[in-house]
Each structure stands twice: as C-alpha cells, then as structure tokens.
Amino acid sequence: MIALALAVTLLAGTADQDALNAARDLYASAAYEDALAVLSRLPDAGRPADEARAISQYRAFCLLALGRAAEAERAIETIISRDPTFRPLANDVSPRVRAAFTDVRRRILPTIIQQKYALAKEAFDRKEFDAAATGFGQVLDVMNDSDAAAAASQPPLSDMRMLAGGFRDLATRAAAPPPLPVTLAPVATVTPPAAPVPLKIYAASDPDVVPPIPVKQELPGFPGQLMVGRQGALEITINEKGLVDFALIRQSITMAYDNMALSAAKTWRYQPATVNGVPVRYRKVIQITIQPPKK
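Using my numbering, you'd call the opening residue of the sequence shown number 6 and step up by one each time.
None of these hints come from the bench; they were simulated from the model.
In this text, all values refer to a predicted model and were calculated from it rather than measured experimentally.
Just so you know, not all the hints are guaranteed correct.
[Stated by the list, open to error] When the alpha-carbon atoms are kept at most 27 Å apart in a straight line, the in silico BS3-like pairs for lysine-lysine are as follows: (1) 205 / 246; (2) 205 / 221; (3) 205 / 132; (4) 271 / 205; (5) 271 / 246; (6) 246 / 221; (7) 271 / 221.
[Unchecked claim] What follows is a set of in silico ranges between Cβ atoms, one per label pair, in the way DEER data are often shown: (8) 133 / 112: 29 to 37 Å; (9) 26 / 295: 22 to 30 Å; (10) 259 / 26: 34 to 42 Å; (11) 210 / 26: 47 to 55 Å.
Every residue gets a Cβ at the ideal spot worked out from N, C-alpha and C, and that includes glycine.
Given the sequences, and given the hints that come with them, work out the whole structure.
See below:
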C-alpha cells in the first residue's frame with residue numbers, strides 16, 4: 006500500500022510538471038487563454054516554493070497579455086509577498102511585464118518591510134533570537150532593494166532601518182553560543198563591559214502593567230471618496246515620558262492614509278504605562294475602522 010501511494014504521488018507530481026510545461030509552451034505561442042485554463046487546474050497551495058512561484062508568475066504573464074491588469078496585479082502581489090526579492094529576469098519578459106512587476110514592488114514593499122519588522126520584533130520579545138536575527142536581516146535586505154529605496158529613505162522606514170540594525174546585532178549576540186572553556190595560566194581578572202540590554206517593552210499581556218492613558222490620540226480624517234469600509238491597525242511604542250517614539254502600520258488602509266496616520270501618531274501624548282508605580286515603555290496596537298459617509 007505504501008509503495009502504491011508513493012507511485013500515485015510521483016505520477017501526480019509528474020503530471021503537474023507536464024501541465025506547467027504545457028502552460029509555458031502555450032504562453033510562448035501566445036495562446037494565453039489556453040495557458041490560463043491549464044494553470045487554473047494547478048493551485049499553487051502546498052507546492053514547493055519554486056513551482057508555486059512559476060505558476061503564479063505565468064498566470065500574471067497571461068493576464069497582462071490579455072489586458073486584465075487588476076487580476077495580473079493581484080497575481081504579482083502574491084509572488085512578491087512570498088518572496089520580496091523576486092523580479093523576473095530581463096531576458097525572459099517584455100519591458101511591459103518588467104514595468105508591471107516594478108510598479109507592484111514599489112507599492113507593496115513598504116508594507117512588507119513593516120510586516121517583517123513586526124514579526125522579527127515579536128520573535129525578539131519572545132527571546133527567539135535566531136529567528137529575530139534572520140527576520141531583521143530580511144528587513145534590511147528588502148530596504149536595500151532599489152524598488153524600496155525611495156520609501157526607505159523617508160519616515161517611518163528610515164527610522165525603522167536604524168532600529169532593525171540595532172535589534173539584529175543584539176539578537177545575533179544573544180543567539181551566539183558561549184565560548185568553550187579554555188584553561189590558561191592565572192592572570193589578573195578583567196571583567197568585560199556587559200552587552201547593552203534592551204529596555205523591556207510591556208504590552209497588554211503583561212499582568213502587572215497599568216496601561217497608558219491617552220491625553221491626545223486623534224486619527225486624521227480619510228482623504229477623498231470612500232465607497233466601502235476599511236479596517237487597519239497601527240502599532241505604537243510609548244516611552245516612559247508618554248511620548249510615541251516609534252510607530253508602524255500592522256494592517257494597511259491605503260498608502261496615503263497610512264502615512265497620515267503615522268505622522269499623527271508621532272504627535273500623540275499619554276500618561277505613561279506603569280509597573281509598581283514606575284513609568285515603563287509600552288507597546289499598543291490601535292485598530293482603525295474607516296466607514297463611508299452615510300447617505
């Protein structure tokens with residue numbers, strides 16, 4: 006039975022690979038609708054990363070060729086969200102396809118950077134230092150991408166670059182194994198300076214903390230017309246003086262509104278959080294709901 010199941014799995018994998026090759030051939034011969042029909046029978050969930058990316062990639066190519074730009078953008082977003090460093094090879098696609106990938110990358114890389122930073126910071130707070138060091142390294146790699154350069158040179162990403170570098174170094178040192186003991190002749194003992202320990206940032210999950218009290222916390226109005234409601238989330242860090250010293254978007258509303266909300270957050274004021282009466286740093290997530298005007 007095990008041998009039979011393995012044989013069925015191998016046959017299925019071979020059939021899928023043949024179908025993907027067929028879709029490539031159909032695309033090369035400009036049979037875009039036929040290629041999409043083949044690709045629609047190849048859902049990319051649960052597949053190896055390279056194969057899943059190839060399916061999404063050729064789906065995007067076909068949709069662009071058919072002029073279905075909105076669907077093509079969603080397919081490209083799926084590819085970039087999975088691998089922010091991916092861009093199609095110049096020799097493999099037309100300038101129009103390269104331009105479509107560039108436009109999507111410039112639009113979504115800032116959000117991806119903030120999401121990856123939040124995940125890395127959560128790993129750091131859980132003392133999962135290997136994962137945190139890798140995550141902060143990925144944040145810095147994406148920030149160095151040419152399509153993210155403009156956004157990375159301005160707040161909030163320019164502030165995040167310095168923080169990501171500092172936390173990456175701290176996580177790397179914390180994750181390094183202790184050196185093996187070495188027997189040496191007795192010498193005068195010199196105590197090296199202790200590595201800097203980051204200040205703890207409290208959150209609602211900490212049992213002894215008294216959360217901060219808002220003194221000024223107003224969100225800006227939504228610019229322009231809004232046809233349907235939108236929801237987002239903004240994460241801020243409030244320092245011991247009740248000032249917001251860091252803010253990032255956890256869930257995007259729109260790029261324009263995200264920037265407005267981040268700018269507003271830097272002006273907010275609070276009575277600081279306390280532990281046993283002592284002011285402490287505190288991480289707070291603010292849910293944002295934007296509703297269209299009632300008719």
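Hints, one by one, checked against the model:
no.	hint	verdict
1	205 / 246	15 Å, holds
2	205 / 221	24 Å, holds
3	205 / 132	12 Å, holds
4	271 / 205	21 Å, holds
5	271 / 246	13 Å, holds
6	246 / 221	14 Å, holds
7	271 / 221	11 Å, holds
8	133 / 112: 29 to 37 Å	31 Å, holds
9	26 / 295: 22 to 30 Å	46 Å, violated
10	259 / 26: 34 to 42 Å	40 Å, holds
11	210 / 26: 47 to 55 Å	50 Å, holds
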